[in-house]
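If you read the protein sequences in the order shown, they are chains C and D. Count along the first sequence starting at 1, add 164, and that's the number in our numbering. Count along the second sequence starting at 1, add 86, and that's the number in our numbering.
Don't read these hints as lab results, they were simulated from the structure. Cβ coordinates follow ideal geometry from the N, Cα and C atoms, glycine included. Just to be clear, a hint being listed does not mean it is correct.
[Claimed, not checked] The calculated lysine to aspartate or glutamate pairs, modelled on EDC-like cross-linking and capped at a C-alpha distance of 20 Å, are:
#1 Lys223(D) to Asp269(D)
#2 Lys228(D) to Asp255(C)
#3 Lys140(D) to Asp340(C)
#4 Lys228(D) to Asp340(C)
[Unchecked claim] Computed Cβ-Cβ distance ranges for the label pairs, DEER-style:
#5 Arg334(C) to Pro258(D): 43 to 51 Å
#6 Lys208(D) to Thr173(C): 16 to 24 Å
#7 Tyr209(D) to His192(C): 16 to 24 Å
#8 Asp396(C) to His205(D): 50 to 58 Å
#9 Arg103(D) to Gly232(C): 48 to 56 Å
#10 Ile175(C) to Ile255(D): 13 to 21 Å
[Claimed, not checked] With the Cβ distance kept under 7 Å, some of the chain D side facing chain C (calculated, not the full set):
#11 Ala191
#12 Pro233
#13 Val243
#14 Pro245
#15 Gly247
#16 Ile280
#17 Phe287
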Amino acid sequence: MTISVETQTFIEENKRRYEELKAAGQQHAPKALPGPTLRGSASIMPGAVLHTETIPGGWYWSTPLKAGEALRIHLAHGPAAVSMIAWSATDASERLNYADTVKVQWTSALGKGRVLFSDMGRVMFSMVEDTTGMHDALVGGSTPASNRARYGDKVLRNTRDNFILEALKRGLDKRDIPPALTFFAPVRTDADGNFRWIEDARQTGDFVDLRAELDLVVALSNCPHPMDPAPDYAPPPVEAIRHQPPAPAADDLCRTATIEAVRGFENNAR
Amino acid sequence: MTQFFASPVRDASSALRDYFVPANAPFSCLVKKGESVRIVDLEGQQAVDTLFYKADDFTERYSSQDTLRVQGSAYVSTGTKLISSEGNVMATVIADTCGRHDTSAGACSCEANTVRFGHQVKYLHACRENFVIEVSKHGMTKRDIVPNINFFMNVPVEPTGELAIVDGISGPGDYVELRAEMDVLLVISNCPQINNPCNGFNPTPIQVLVFGAED
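All chains should be built: construct the whole structure from the sequences, respecting the hints.
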């Protein structure tokens, strides 16, 4: 196929812009991430706690979270997996978007120093503390079908139905449920792209701290992840602690780790 | 990786319907249960962002996460069942001459493009713009748009969790064919992305063929 002069010019122009963008990006080398938070560190000052909720195994909870507040999800009672979705408090059509989150940061391995994006190019959360770095951004939470496949025909609670309940109680519906992130679900792929589960990567005492960067409504579901190989359905309770962290400093890791995060926060400020 | 193959190929002239989708354009059509849809990358290296909605209940729609979970693999190819938000099979990939398609990275949008490439690219056409316009013809809005399949797009997911978006691997005439397992609304954004190599910096047209049910 012959390419016209106009097309060739168009391609060259796009390629030139791409090379410029790439070169500009390379001037902003990403900061090295510090690795996971040490278990037992980063305690919350008692005066900073706004609310503590114990979410029973199989159940759900939701909360408004103002920009600047943080949510700690804490495996206080044993290894669990906690699925999360979130909406902008002012416009429920803006919501957590796992695809943009992994694409923009070039990784599905979310951990301390990473941010979570909405579908509108804005940062919803900063992961300011995280003891595992092992969360699931791709596979999602449990569903009636995944529970049946794992546990047979017992009536068991699942994340999909939990999120439907969350949405309906807030005047939203199924159309408003975005794909979920699941914390403490140690999912990775092998070299062929097949998913595997790394149970050793989570334990009692693990936690993640998510600082809200916009006014949000956050919904959590405490159900076993569909890839959890444990034969029995026995999710322990988890603690969700809403708290007031210190204001971020100018060199805040999550706000400055990558040029993409910097631009996301510029979008937040516009 | 899933083995790929081209199932016995039906001649394009036997298609019930034959659509030409220009570079950058949105597209939608209904595909009935049992019918097959073939998406042809006419000139190669073109990403085709695709969504499915149940034809008589748009609240049931394609779910990338359920699809990944059910097949246990990060890549879409022959044999992949596309799963809905309600856990039902919407379509099955029955042929694929390309070998690997992405459903982890979603669509480009003007807003995400500013984050990925800089604020100066905000006013360039993007897939979500296509999706919003196209689903609006069917009474839906932005809230109905979920992460999609990117046919002919190669997004390797490494064992470390790292992602890469690499050059398109499809050549001129490569195609993917899906059999509808329920009546579905097929919605396509023929991706206008020109800021990275996924389209070879040059979005090109595609062809969509719908074949009748095989006996």
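Results for each hint:
no. : hint                               : verdict
1   : Lys223(D) to Asp269(D)             : holds, 18 Å
2   : Lys228(D) to Asp255(C)             : holds, 12 Å
3   : Lys140(D) to Asp340(C)             : holds, 16 Å
4   : Lys228(D) to Asp340(C)             : holds, 10 Å
5   : Arg334(C) to Pro258(D): 43 to 51 Å : holds, 49 Å
6   : Lys208(D) to Thr173(C): 16 to 24 Å : holds, 23 Å
7   : Tyr209(D) to His192(C): 16 to 24 Å : holds, 23 Å
8   : Asp396(C) to His205(D): 50 to 58 Å : holds, 51 Å
9   : Arg103(D) to Gly232(C): 48 to 56 Å : holds, 54 Å
10  : Ile175(C) to Ile255(D): 13 to 21 Å : holds, 18 Å
11  : Ala191                             : holds, 4 Å
12  : Pro233                             : holds, 4 Å
13  : Val243                             : holds, 5 Å
14  : Pro245                             : holds, 6 Å
15  : Gly247                             : holds, 3 Å
16  : Ile280                             : holds, 4 Å
17  : Phe287                             : holds, 4 Å
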